[in-house]
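Peer 1: Spelled out, the chains give:
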Amino acid sequence: AQSSLTLFGVMDAGISYYETKSNRYTNNPLMAAPLFAPDNVTRSKWAMSTGGNSGSRLGFRGTEDLGGGLAASFWLEAALANDTGLGTAPGGIIGFNRRSTLSLSGGFGEIRLGRDFTPIYTNDLIADPWVNSGVGATLFGSLGANLATLRGPGSPVAASDHYTRASNSIGYFLPPGLGGFYGQLMYGLPETVKLSNAPQAPSSTGRYFGGRFGYARGPVDVAIAYGSSQAADGLVAAALVNNKIDIASVIATYDFGPLKLYGELMQTQDKRESTSISAITRIKDKYKGGLIGVTVPVGPGQFRATYAKVKFDTGAEVAPLSVGSTDMDASSQKLALGYVYNLSKRTAFYATVAKVQIKDGQNNPVVMGSTTGGGLTYLSTGAGVQGYAPRSSMGYDFGFRHAF
Amino acid sequence: AQSSLTLFGVMDAGISYYETKSNRYTNNPLMAAPLFAPDNVTRSKWAMSTGGNSGSRLGFRGTEDLGGGLAASFWLEAALANDTGLGTAPGGIIGFNRRSTLSLSGGFGEIRLGRDFTPIYTNDLIADPWVNSGVGATLFGSLGANLATLRGPGSPVAASDHYTRASNSIGYFLPPGLGGFYGQLMYGLPETVKLSNAPQAPSSTGRYFGGRFGYARGPVDVAIAYGSSQAADGLVAAALVNNKIDIASVIATYDFGPLKLYGELMQTQDKRESTSISAITRIKDKYKGGLIGVTVPVGPGQFRATYAKVKFDTGAEVAPLSVGSTDMDASSQKLALGYVYNLSKRTAFYATVAKVQIKDGQNNPVVMGSTTGGGLTYLSTGAGVQGYAPRSSMGYDFGFRHAF
Amino acid sequence: AQSSLTLFGVMDAGISYYETKSNRYTNNPLMAAPLFAPDNVTRSKWAMSTGGNSGSRLGFRGTEDLGGGLAASFWLEAALANDTGLGTAPGGIIGFNRRSTLSLSGGFGEIRLGRDFTPIYTNDLIADPWVNSGVGATLFGSLGANLATLRGPGSPVAASDHYTRASNSIGYFLPPGLGGFYGQLMYGLPETVKLSNAPQAPSSTGRYFGGRFGYARGPVDVAIAYGSSQAADGLVAAALVNNKIDIASVIATYDFGPLKLYGELMQTQDKRESTSISAITRIKDKYKGGLIGVTVPVGPGQFRATYAKVKFDTGAEVAPLSVGSTDMDASSQKLALGYVYNLSKRTAFYATVAKVQIKDGQNNPVVMGSTTGGGLTYLSTGAGVQGYAPRSSMGYDFGFRHAF
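Residue numbers (the numbering used here), protein chains in the order written: chain H, 4 to 407; chain L, 4 to 407; chain P, 4 to 407.
These are computed hints drawn from the structure, not numbers from a lab.
Just so it is clear, CB atoms sit at the ideal spot from N, CA and C, and this is done for glycine as well.
Check each hint, because a few of them may be wrong.
Think about it this way: if two alpha-carbon atoms lie no more than 16 Å apart in a straight line, the pair counts; the simulated EDC-like pairs of lysine to aspartate or glutamate are [said to hold, decoys possible]: (1) 348/H x 22/P; (2) 197/L x 68/P; (3) 348/P x 332/L; (4) 362/P x 316/P; (5) 287/L x 332/L; (6) 247/L x 276/L; (7) 197/H x 68/L; (8) 348/L x 42/H.
Derived CB-CB ranges, DEER-like [to be verified]: (9) 184/P x 223/H: 50 to 60 Å; (10) 287/H x 41/L: 50 to 60 Å; (11) 175/L x 386/P: 46 to 56 Å.
Where chain P lies over chain L, by a calculated footprint (3+ residues, C-beta under 8 Å) [to be verified]: (12) 103-116; (13) 145-156; (14) 170-182; (15) 186-200; (16) 262-272.
Input sequences plus hints: build the corresponding full structure.
Peer 2: And the structure:
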């Protein structure tokens, strides 16, 4: 049978500046501010960045024509931190953590086994002119990764697993040629152990399912996606806990020729239940967001701009008389501007600037504290009462990308 | 000089079910059974499996013709856990842990330096229709790996080292064209340090030697192999210890055309000595086993079946009056059935079912407690007196394999 | 645009013997020697070695012609420990730790981003007939790596970073065609964080800069190089510390045809300052060295010999009346001889013998205690007063190298 074997990759390196600013806040006006505490604290650094335009990677892929329209194919794609030469899996390992799949495809579509993007992340990528890369990366990307890392289940491959990617997954893709309609389903096996002498087992922690369906014809591309991740499920410290992260989004892009518009609406629910002998707790946090973007071909390159906003609606009940906790919500917005100058189809210079602004960051500093990248974190203290809270972040990328 | 450079590999993914069952046992009829203790405990799980038919891997190999019949060649082959994209070396590293060798070959045969299969493991592979892959893998494979992991020396590359593979090894292979006779020798350097001020050094822990000799002509292939691994040697807790694992096996396969028969006889000795001021201990455990298998070409595929049995003869002395310890031996058997459906020479579907049955597992639960894979372990308690012991294991593989 | 993509590497394996000898010393003649203490202690081992002639590696590199004299290129090169199949990054990771760079080149020269050799190490490599490989490797190589490992800053990729290589670096190379003149500059970003509420930040620990300039025409090649690594900078245990390692060298090679001569002069300064409320300390250690080497084409191979000497001048002040500390300096010398027999351009046998001799090793055992490789260390006790000190080291390599 005919077959192909391809070595491919991206090398993307740049110089970047990152900055985070945390502001002093108080939710309790009766408490005195500490002496000598500055109004805000700024952290910043210059760094060699990778993947500012497109994630650095090295991959191997191949296809074998099995006849009768059938084909077997595989895809192994490793993320690279090319500023140091190591990988991005835990411990600096170079692993095929971007994608590791084996497929059988034919008239029925494609069955894909292994580690792959989730449907919901695919939606986020397509609606983001920055393809979730560099300082301009979609605000929904930071939010999804922050929440997955905080709640779990994560995986030995990445803490953000089940937002961006899922291992041990079975994917199904509709075949092409359905009059513009396309779609996919994904199921990630939890691989937990069932014990005959432990009735609450097996935990379904780590189970993932999601789907994506859309229509693309001519200049238009619209799609909806949904994903549900079982972040926790089982007995934790004498309580039966259950935590699900459900994300839904709708995206649309329209290519007018002189410019292309991008839009996305997203809602994430973080549903947590805990049942113990003494108490039952049910909390449903919501994150709602919108993104608009535009790309404009200018000369041999492309101008890009996006604006996104995310609003956090806490599901926690607020004691009506508690001081300083009248509003437990938070919001963040991000503006990103940039230009990509193409030296060839595969090689480009790029420059990007982005700013994140956060309101009431003290109410959810971990998830809402999005930065523009670079590993900088906010100063975040006071547990929502009085201290420092994430306030804003700036970032610049000046880089060079080469695909091979 | 002419040369070749090849990128090659296997991607193999499937859905598998694994189950282990541990039974309650007592070797002391005078002790009362605990209340509410179930008669047996079953553990099970569904998982995405890799390498159910052939170990997933990615490799690079090449040969340079040096003239005069001489050739230089190298082989780098990494094991992949393609369900997650990581590797199988400790910590999930992708390393060339399957094989990493540099060779010089010519009329004299081949000298091979680096990490490679041991001769004894090669024998086990060739006598196993499942090539030690998936739930049907040879019972001798689990036994060898379990014992090597328990006793050592292992290595930073794999705990089972010196059964399946050896690093730092020098191998010699007879040239082809000896009228059907073939053979190989392997020596693994212990790389231990000699100290002028410590007379017992250097320890030879980690030294390996082995060989394999056979005859293959027409439908027949017979071979014997032997390997000796120095698992421990030196001063441990004020005692001079010495532990050797010696394995010998004879295999034969005969291809009748409509079916091919496989057979193997194996004996493993686990010899442990400990000399301290107060006591000298010498224990020689023995494991004896036999395997028969058959493959039958059926349609575009192949039917496979194997049956194997291993008997453990303890070398520990039994106090004649001890209650409940009249028989310290154990045995295990394994039956495996399957079908491989070839879509092409390189691509296939497969389905396998296997069952392991263990008698008196409490007498050697670590080594004799073979499972059908998947990381499931038995519930094993009571230290041979009263508790749970490995009893049986089931496994199913439904998978898809593609070689490139 | 035209482009190339190349898979390349080296596999080098051999059998080596290593030995270190430590001698008993006393700097205090009033102290009695311990009873039964031998005059010297020898450690030795046999090992399978890798990279005795050329560092084992696997790499991917490519170039795209962008037109107008411009080209984009990348280089990913991983070091291999092919005796075990793992890599050489911490934890046995296979990473592109030898080189990981993205370049833009044209009439202006080359801009190179990522992880690369430092200019000073390049000088050391070119002046060393052994290319810093195997038992014969340049004495300046051990010295530089020992000092970088001891003082820092190191990196997650290698403890010797900022002597041999630097990550997060921006390199500039002069274009060819300057009448024989060539040159390069390198700057390594410290990537440290600036904090608005911590005036001493950002620390510049990890900053590197260096350069190399030379002239090569016909048989002659001369070059100077300089490098400065910020090993430490900041508040450590209530003291403001600053540690810089500055290295300068000049090299020359001359190819007479029947033989080629190599020479290098090197000076390293290890400058340490510590300012606390109670004390200010300033120490400037110096290491001065010279190397001469020769290669002689003999038959299908090459004979090689080098001799090098390094003198350590301590910058620590010696209390004038202290017993036994009248000379705090030390020195080491190394002699290496070998032959490389080429089977082809890419494949060779080699044999090397080397000896290191150390004087007053007790005064700086970590940095001056160079060995011939193999992971053997000296017995080193007594903190410079009375005990064992590094004295000499022997090494032999018998190996086989194949480049692909």
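Peer 1: Compare the structure with each hint and give your call.
Peer 2: Hints, verified against the model:
1. This hinted pair does not check out: residue 348/H and residue 22/P have alpha carbons roughly 56 Å apart, beyond 16 Å.
2. Using a Cα cut-off of 16 Å, the hinted pair residue 197/L and residue 68/P is violated, with the two alpha carbons roughly 56 Å apart.
3. Simply put, residue 348/P and residue 332/L have alpha-carbon atoms about 60 Å apart, too far for the 16 Å limit, and the pair is violated.
4. Restraint check for residue 362/P and residue 316/P: the C-alpha separation of about 13 Å stays at or below 16 Å, so the hint holds.
5. For the suggested pair residue 287/L and residue 332/L, the alpha carbons sit about 13 Å apart, so the restraint of at most 16 Å is met.
6. A hinted pair counts as satisfied when its Cα atoms are at most 16 Å apart, and residue 247/L with residue 276/L qualifies at roughly 9 Å.
7. With a C-alpha separation of about 56 Å, the suggested pairing of residue 197/H with residue 68/L is violated against the 16 Å cut-off.
8. Restraint check: the Cα-Cα separation between residue 348/L and residue 42/H comes to about 70 Å, which exceeds 16 Å; the hinted pair is violated.
9. Under the hint 50 to 60 Å, the C-beta atoms of residue 184/P and residue 223/H, about 59 Å apart, fit the expected range.
10. Between residue 287/H and residue 41/L the beta carbon distance is about 39 Å. The supplied range of 50 to 60 Å is therefore violated.
11. In this structure the hint that residue 175/L and residue 386/P lie 46 to 56 Å apart at CB holds, the actual value being about 49 Å.
12. Under a criterion of three residues with beta carbons nearer than 8 Å to beta carbons of chain P, the stated coverage of the region 103-116 of chain L is upheld, 5 such residues being counted.
13. Under the rule that three or more residues need a Cβ within less than 8 Å of chain P, the assignment of the region 145-156 of chain L is violated, with 0 such residues.
14. For a cut-off of 8 Å, the count of residues in the region 170-182 of chain L with a CB near a CB of chain P stands at 4, and the three-residue condition holds.
15. Counting residues of the region 186-200 of chain L whose C-beta sits closer than 8 Å to any C-beta of chain P gives 8, which meets the bar of three, so the coverage hint holds.
16. Residues of the region 262-272 of chain L lying with their CB closer than 8 Å to a CB of chain P number 0, which falls below the three-residue condition for coverage.
When the structure is compared with the earlier hints, violations turn up for hints 1, 2, 3, 7, 8, 10, 13, 16 and for no others.
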